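Peer 1: Chain residues, written in single-letter form:
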Amino acid sequence: MTTTTSTQRREVGSTEPAGPRKRARRSGDGVAGYLFLSPWIIGILLLTLGPMVTSLYLSFTDYDLFNPPQWIGLDNYQRMFDDARWLKSVRVTALYVALAVPIKLACALAVAMLLNNERRGRAFYRAAFYGPSLIGASVSLAIVWKAMFSDDAVVDQLLRAVGVNTGGWAGNPDFSLLMLVLLAAWQLGAPMVIFLAGLKQVPRELYEAAEVDGAGAWRRFRNITLPMISPVIFFNLLLETINAFQVFTSAYIVGGPNGQPAGTTLFYTIYLFDRGFGDYRMGYASAMAWMLLAGVGLVTLFLFRTARGWVYYSGDKR
Amino acid sequence: MRPKLSTVAWHVGAIALLAVVLYPIVWVTAATFKPTEDIIGSLQLLPTRITTINYERAVEGIAGISVVRFFWNSTVLAVLSVVGTVASSAMAAYAFARLRFRGRTLMFGLMIATLLLPFHVLIIPQYVVFQKLGLVDTYAPLLLGKFLATEAFFVFLMVQFMRGIPYELDESAKIDGAGHWAVFWNILLPLSRPAIITTAIFTFIWTWNDFFGPLIYLSTPEKYPLPLALQLFIDETAGSDFGALMAMSMLALVPVILFFLFFQRFLVEGVSTSGLKG
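These protein sequence lines are chains A and B, in that order.
In terms of this note's numbering, the first sequence has 100 at position 100, counting the first letter as 1, and numbering is strictly consecutive.
One rule links them: number in this note's numbering = place in the second sequence (from 1) + 1000.
Hint data in this document are derived by calculation from the structure and do not stem from the laboratory.
Be aware that a few hints might be false.
With a cut-off of at most 25 angstroms between alpha-carbon atoms, the simulated SDA-like pairs for lysine to any residue come out as follows [as the list claims (entries may be wrong)]: (1) B:Lys1132 to A:Leu49; (2) B:Lys1132 to A:Ala262; (3) B:Lys1004 to A:Asp64; (4) A:Lys200 to B:Thr1007; (5) A:Lys88 to B:Phe1212; (6) A:Lys200 to B:Ala1016; (7) B:Lys1004 to A:Ala217; (8) B:Lys1004 to A:Glu205; (9) A:Lys88 to A:Ala262; (10) A:Lys200 to B:Leu1017; (11) B:Lys1132 to A:Leu65; (12) B:Lys1004 to A:Phe124; (13) B:Lys1223 to A:Phe248; (14) A:Lys88 to A:Gly256; (15) B:Lys1004 to A:Arg120; (16) A:Lys88 to A:Asp64; (17) A:Lys200 to B:Phe1212; (18) B:Lys1004 to A:Gly121; (19) A:Lys200 to A:Met228; (20) B:Lys1004 to A:Tyr207; (21) B:Lys1223 to A:Gly278; (22) A:Lys200 to A:Arg122; (23) A:Lys200 to A:Ala215; (24) B:Lys1223 to B:Glu1056; (25) B:Lys1004 to A:Asn117; (26) B:Lys1004 to A:Phe221; (27) A:Lys88 to A:Ala244; (28) A:Lys200 to A:Ile233; (29) A:Lys200 to A:Glu118.
Values in this document were obtained by computation on a predicted structure and should not be read as measured data.
Same shape as in the complex, but just chain B (with noise of 0.2 angstroms):
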């Protein structure tokens, strides 16, 4: 059978639009094979002259550190946020979605009422408490609310998904003798894997792209992740070396991108369903 005619006007339509859409990507990916001089000023998309020169550079990385320090440090600080919100949101989710005991409801409306907080009253005296005790300049006040379960927003998307499992499950489990914990173990948490799969990728990217909490509380270059290590090449090298600096910026975009072509299913869904902000 032909397509419709409005088909075909409809996938022209959306194709034109996603044109513009990842057009700055398709930009930025052609654009780290040109030289510097051809990236500004030229309305040429494609290279003419292709050279891997600007990757060669940026793999040089800056301040004598190599960009694969920067890779490093940005993989262990998101590895670790990643094991620290899933371990801590799913626990507190499982006590909400469970669990009864005393002031769980005002503990709830509380974690709710965390979701809108602008995060910046909390910050100062944050960072002051961290100073003092020294941990500046360290991973801890980066890692430490991740273990806290301190993003109300994933531990909302489990208690929600929880709330979903059937709890006949848990009945059963309990009348052959299983506690909390292996209800939580052998139940609840494998049953949940789709709500822990989204909410170690939103978390992996979040912490990935973060630049505000590593902008307040790194000071040694050898310890920034890539998008801390992108703000001090721009303040190095003034931009003069725009060929590298676009090539840094891809190169800490490749995981994130990588991510999303593999989980985008979970990534639109984790979204439609709970309205996570992208």
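If we strip away everything but chain A, and leave its shape as in the complex, we get (with noise of 0.2 angstroms):
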């Protein structure tokens, strides 16, 4: 997509499509809008508005799929504060995703650094450095994961080796969160390939200057480089934030529908999962589903106030 890049890029987010304006009046125009966008507007209604209506109300019921829907009106809402699992499920989600979100944005914004220079070879470092993320959130390699962190098992023995002990990983209740933590950040290829995007268009001159003026390595990274590619960084933590919420092939395979060991992995879409498919509370599976959207779409609130103060766009001071 090499012509997509710079003059496009400002559009990014508008929702102002743009587009032809002299031919506005030209007859034809309407019929063949809504003709070609015919798929999309039937799935849209069917599968997406349609939907989001009948999972509200169902919310608001008591529905096992077989029987008509009883209306509870706040019920399942209520009932979820007292459920020992969901509570649990909260919990094992906060906290993989404070966890999983800054150490893959970190470990992907240092290897982009790593990668951002003119050295031959660098196009096949990215790509080599990408390629997990392709394959990371598949059940094939949730399976090799869990091998390579069970008991006696690889990583076991290598941390050993060095005098680490952690008394085992995917069957630890203490570790087996941070095993999924540590397989977010084995797919940084993303987050890293967005990053170096950002990291080339900070001007070099700045650099330079900088150095002129004496400032050493970490400070031309904390006062240029961060405020440079915070944009980028914002871009990122929202979409891996979003992203995170929702993990659930890897945990599924290496906790199964249960979170084992000891509930660690219960995230919040197994639980969902479980109580919808599981035990057909479909009322209530709904409920947590829009409970999540809540709480997703106020984290997504929260990044974006906190943004005002620490991201900067050049267009902002000139």
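Each of the two chains sits in its own frame; use the hints to bring them together as a complex.
Peer 2: In structure tokens:
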């Protein structure tokens, strides 16, 4: 997508599609527009908006798929706060998001910094570090990860060889979640590639000027790199946070529907799946889904709020 | 000219880091050629006793179904998903990027909003409807959305790309009497090839890896794609045949790895310009 870079970047996030203005009144566009858009329109009505409304309705009912839904008002929502497993799943997910997102982004930024130069072979390295993120969310890789981190397996032995004894990973309630955090960090490819694109945009003159003024590597990083790429950091932070809330496959393969060991991998989505498709508590699961949406929405809003303080857009101070 | 010391140091550092990151892939590749008892518990990376028994048992499959069958199921799902996603996303993108009609801005905004919508608020009603229609345990629930451009990322990607194609091209075609379909088919679509390839590869890989959709909709093992077959393998063998499980996991990864090797440029550039998730 080499041609979609600079001129279109500024339109990312704008909701107004830049289009042909001069042809606005030509007849025929209206019908053609709806025709070309018809699959999407059917999709958004039947598979997105319709289900959203239905799911909101179901969240106020008791529904088991076989008997008609019974209206129970806010009961499902109230019950959550007395549900020990729900509370557990919220804690597990919050802890995971709080650990996985910063660790993954820090690793991604570190690798991007390492690769941000004109040396030969950097395209190869970029691709090689990106690779794992394509398979990281697959069942296969979760199986491999679990095998590597099982008791007395390769990771355990290597760490013991250097004097670190965790007492196992996959089967150890204290480390099972950390193992999944490491799996997330391993998939640093996508944010790394985005960081690299951001780092390329930082004008070299800034570094040269700072060097002349005697700023060391850390100060250059702290006072030039970080502010200059803060929009990219924010973008990655937003995307990775929203994704981290929804992790499912690796957690399911590692911990099953009960979040083994000892419920430490009982992610929100796993519990939602278990209530909805294990117990057929469709009303309760719908309410859980809306709480997830609310939670993700609140965190997103919070990120946007704090962004005003630390995200610097180059247009701001001109 | 001799390379500078700093360049050598940089390569050494980058390769060392890469070795750590790629270790799991090397490890599992080596593990598939080891007898089960050598996989866990032995630190030896390379197999001391090379065996192909793991692959032989993996190909036998599970529950009397050969792995070939699971491969076929995965391929059918992935190929149909690619066709559906590319066709429906490209059409929607053409409308958003090139045509003017009432409600376009609103619909474009709606499309962007669905980018970040957790799909969990949709799955239960969707499941209920498919269940009432008797479509559970068919591929219909897994494929329908692909033909209706529900993956907003790809619509957005193609809209962005089509906006970069000079408008004069469609103008001159229209003066020559070309209709919207001709402009779309003969001009926009061929020029959008890079965006289409990116969409196709990502759709293939995501569908190939998808676990959640098949998990809730499919119940007959004969219809399982590979990720579900792996899960079934774990359940049926209780993890006892570790070597075969590793070999089967490896087989499931091979198409994705091949796609990566052949198309890595499209993948990396797709991510860096549009923020597609891996």
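Peer 1: Which hints, by number, does the structure contradict?
Peer 2: Per hint list: 2, 3 and 17 violated.
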